[in-house]
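Q: Protein chains in written order, with the working numbering: chain A, 10 to 318; chain B, 10 to 318; chain C, 10 to 318.
Among the clues, some could well be false.
Heads up, the list lumps identical chains together, so a pair's fine if it works in one copy or across two of them.
What the hints assert, rightly or not - Below, computed lysine to any residue pairings styled on SDA-like, alpha-carbon distance capped at 20 Å: (1) K46 <-> I35; (2) K113 <-> P213; (3) K98 <-> R288; (4) K150 <-> I35; (5) K123 <-> F292; (6) K123 <-> N277; (7) K38 <-> I217; (8) K257 <-> D284; (9) K187 <-> R293; (10) K197 <-> L309; (11) K48 <-> S226; (12) K46 <-> G73; (13) K123 <-> E282; (14) K187 <-> T160; (15) K38 <-> L310; (16) K38 <-> K48; (17) K123 <-> E243; (18) K153 <-> E56; (19) K98 <-> D285; (20) K257 <-> R171; (21) K98 <-> D284; (22) K187 <-> E215; (23) K123 <-> D285.
In short, the hints are calculated from the structure, not lab data.
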Amino acid sequence: MRHLIDPMDLSVEEVDHLLVLAQDIIDNKEKYSEVCKGKKLATLFFEPSTRTRLSFEAAMMELGGNVLGFSSASSSSSTKGESVGDTVKIVSCYADIIAMRHYKEGAPMLASMKSDVPIINAGDGGHNHPTQTLADLLTIKREKGRLNNMTIGFCGDLMFGRTVHSLIKAMSRYEGIKFILISPDELKLPDYIRTEVIEKNNIPYEEISSLEDAIGSLDVLYMTRVQKERFFNEADYIRLKDTYILDKSKLALARPDLSILHPLPRVNEISVEVDDDPRACYFRQALNGKYVRMALIMDLLGLDKDFKA
Amino acid sequence: MRHLIDPMDLSVEEVDHLLVLAQDIIDNKEKYSEVCKGKKLATLFFEPSTRTRLSFEAAMMELGGNVLGFSSASSSSSTKGESVGDTVKIVSCYADIIAMRHYKEGAPMLASMKSDVPIINAGDGGHNHPTQTLADLLTIKREKGRLNNMTIGFCGDLMFGRTVHSLIKAMSRYEGIKFILISPDELKLPDYIRTEVIEKNNIPYEEISSLEDAIGSLDVLYMTRVQKERFFNEADYIRLKDTYILDKSKLALARPDLSILHPLPRVNEISVEVDDDPRACYFRQALNGKYVRMALIMDLLGLDKDFKA
Amino acid sequence: MRHLIDPMDLSVEEVDHLLVLAQDIIDNKEKYSEVCKGKKLATLFFEPSTRTRLSFEAAMMELGGNVLGFSSASSSSSTKGESVGDTVKIVSCYADIIAMRHYKEGAPMLASMKSDVPIINAGDGGHNHPTQTLADLLTIKREKGRLNNMTIGFCGDLMFGRTVHSLIKAMSRYEGIKFILISPDELKLPDYIRTEVIEKNNIPYEEISSLEDAIGSLDVLYMTRVQKERFFNEADYIRLKDTYILDKSKLALARPDLSILHPLPRVNEISVEVDDDPRACYFRQALNGKYVRMALIMDLLGLDKDFKA
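Whenever a hint applies, use it, and build me the whole structure from the sequences.
A: Following this line, the structure appears as C-alpha cells:
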C-alpha cells in the first residue's frame, strides 16, 4: 500500500504516469465514470480548504465513487482528545482512501503509519501540498506540451509559499530549466532551497525584485500572494505591494505564449482584467487539479492497471 | 446558459412548464431517477439554511445526481478573501450546476456573471428566494387545481417577508386574483409593492389588521412569522402577537377548503394543534419544494427536453 | 413503521436477527451493495460525533444509498427556533430514514412521534446510544462465537458511561453471564442498574476496584475512560487514574482469549502498545459498528425480507 505525503515521494516516471493518465481521463471521461464504483473517499479536513476539498470530492464522484468526511476540526472527534492515529485507524473502517488536510506539519505522515488505507496529504501546515504540485505540473504540461526546456518565473512571497518550494523541487528534475525568482528582499527564496535544490542540480537562476523587468523572458509565470503580515512595517508593504500585482500593463511586456499560473485563492495579486487573457491559466489549473486527483486516486487504489492510458 | 436569480426571471409560461414537469415527476418518480446520473450539484451556502440545502440535495439525489458543497461561510475560501466570482469560477470546474445561498443581496446575480454553469439563487439576504416561490406556486396549484380566480390572504410580517413579496408578484400575473393583506400597522406591505405590483395590475386588495375578520373569505392563507425585534416596544408586541397566531379557534371561522401555507420554519405563529387539520398544507409545501427543485435542475441543465411531461 | 430509540426496544430475537444479518453482510458484501439504491439516509447531528456519523454514512453508502444531513446544531434550522418535531417532519420529505444525534435526552423519542420515516437514535445526551450497543454485541458474538456463558468486566467510569449501562442491560438477557464491575468508589455503577437490572435477573456480579486483580478471570473486558472532571479533587484523580489504564503489564495477567472492547474515542485509558495485541478488538468493533448499522437500516426500511440471511 502506498501513500502520497510529499510531492517528492513520486519519481519522475511516476509523475509522468499520473500526468499521462490524467490526460487520458480528460480525453475519455466516459471510460472512467464507474472506475471507483462502490469505493469511498474520506475527506478529513482538520482545517477548512473548500477548493481542495471540493476538488477531491468532485474527482471521486467523477470516478463513480462516494465521499464522506468532515470539513473542519470542530466537527471531528479530535476535540475529544482522540489522536490522529486513532481517527485514521477508525476511518480506515469506513473508507477505501483518505485525503487529509491538517494544520500541523507532519500529521498526514503520522497518519499514514497507522492507516489501513492509502493517505493523500491534502496540505499540512506550511509544509507540503503534493496534489497542488501535480496540478501545477499537469497545467504546465498541457499548456506548453512539455516539462523541460523552459524559463519559469516565481513571483511574490517565495519565502513562505509552500507551493513555490514544491514546484521548484519538482521542476528541478527536468532538463533545460531556468528559474527567475521575483520577490522583495524580505520574501526571497530560503537559502536551503536555493543551495540544496537549485544549485545542487546546476539549474541556472536569477534573483530579481522587479516583475516588469523579468516578465519578458518567461515561458511560465507562477504568481503568489504577498501578504501584508509578512512585512516588518506598513511603509515597506505599501511601497512594494503594487510591484507584485499582475495587471494588463505589466502583461503587455510578456511573451504571447506566456502561461500564468496561480495556486488560488487570489486576493488582488492578479488583476481581474487579466482573467480573460488567453495566457491566464489559473482557472484551467483548478480544473487540471481535479483530473490529476482522479489519476492519483486510481493509482493509489491500484485501479489504473486495468485502464492502460 | 440560463440562471434563476429572481422569481420574475421566469415568464408565466416557464413557470407553468416547471409546474407541469414537477407534477410529472411526482406521478412518475422512477422515470426520472437517473436523469442526472454523472451530474453534480454544488450547494454553496454562505449562510446556513438546512431545509433549503437538504431540499436541493434530496432533489439532485432523486434525479440520480451527486452533491458537494459547503453549509456555512466559515468552511469556505471566502474567509481567505476570495471573491464570490472566483469561488464560482472554480466551483464551475467541479459541478454542473450551483445552488447559492448568500447573506449579501445580489451575490448570486454577481456570481451568475462569472459562472460557467447555471446558478440558482437559494436565497440572498432579504431579497429573493425564487425556489421558495416555485414551491408556493406548486402547492397552490396542487391544492386548488388552479392558479387563478382565488382570494389569497397574507398574514403577519408583510413588510420584511421576502417570500410574501415574491408570491404577490408571481400571483399578480394570473386572472381573477384578490389579495387580503393582514398585518399590524407596523408591518404593512411596502408601498412600492402595493402600488407598483398590485395596483398597477389592477388587482383588488384589502388591508386589514384582524386575521379573525379576514379568514372566512380566503381560499389560501399564507402565514408568516411576526418577529419581536420588528416592534418599537414590547407593549405593542405583546398586544399584537396573539392576533397573528393561527389556532383551532380562528380556524373554525375559515372555509372548509382553505389552504394554509407557511414557508417554514415556524416558531409559534401556527399552533401545533392545526398540524393535523387537512387544511394545513405547509408540510406538503416542503415536499413540493423538493419536486419543483427537481424540475428546475432538469430545466436549467437542458435535460427536460427528452422527458416530455 | 418502527424506530430504534432505546437498545431495549429490541427483543433478544430481534437482536439476534440483526446480528445474523450483519454477519451475512460481512460474508457477502456484493449481495447487499445495491439494496438501498434510490434510498436516502439523513444524518441529523445536533452535536458533532464524527465516528458515529461517518459509520452511518459508510453503512448507507455500502448499501448503495445516498446520504444528506448536517453535522452540528449551528448549521441547522434549530437556531431559528424550529422544534425538533418540525425539523423531522420536514426532513421526512427528503429522506427515507433518519439517524439523529442530540444533546438533549429524549429528543429522538420526541422526533419519532412526529416523523413519517424511521428514526434511529444515534446518541441522546447521557441517555441511549443503541447502535453502539449493537456494535458491542456483534463484536462479542464474532470474537467469542456466543453471547452467553461468559464473564464480562466493565472497567472505568461505570457511573456515567451510557454504553456500559446499555450493554449490561442487553447482556443481562442471556444465560450464564457474570459481571465484574471494576471502578473507583467514586464511579461505581448506579444503584438502579445494579438492583433493577443485575440483581432482578439474578446475574452474579462482583464490585472491585483493582483492574489487575480482576483481569485474569475475564472473557471480555469493556474499557471506558475515567475523566478527570468526575473527581472531587485532583489528589484522588492522580491516585486512581493509572489503576485504570490498560497496558502490557496488566494485560500479561489476562487470559489468552480475552477480548478487549472500547466504545472509542479513547484518550489514554488503553496504552497504544496494546493495539497490536490480538486481544485488542476495539478497532474491529468500529468496523462491526458499520455492519450492524447496515443491518439495522435494512431492517427498519423493511428491506431485509428479500435478503434472507
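Q: Of the numbered hints stated earlier in the document, which are not met by this structure?
A: 2, 7, 9, 10, 11, 17, 18 and 20
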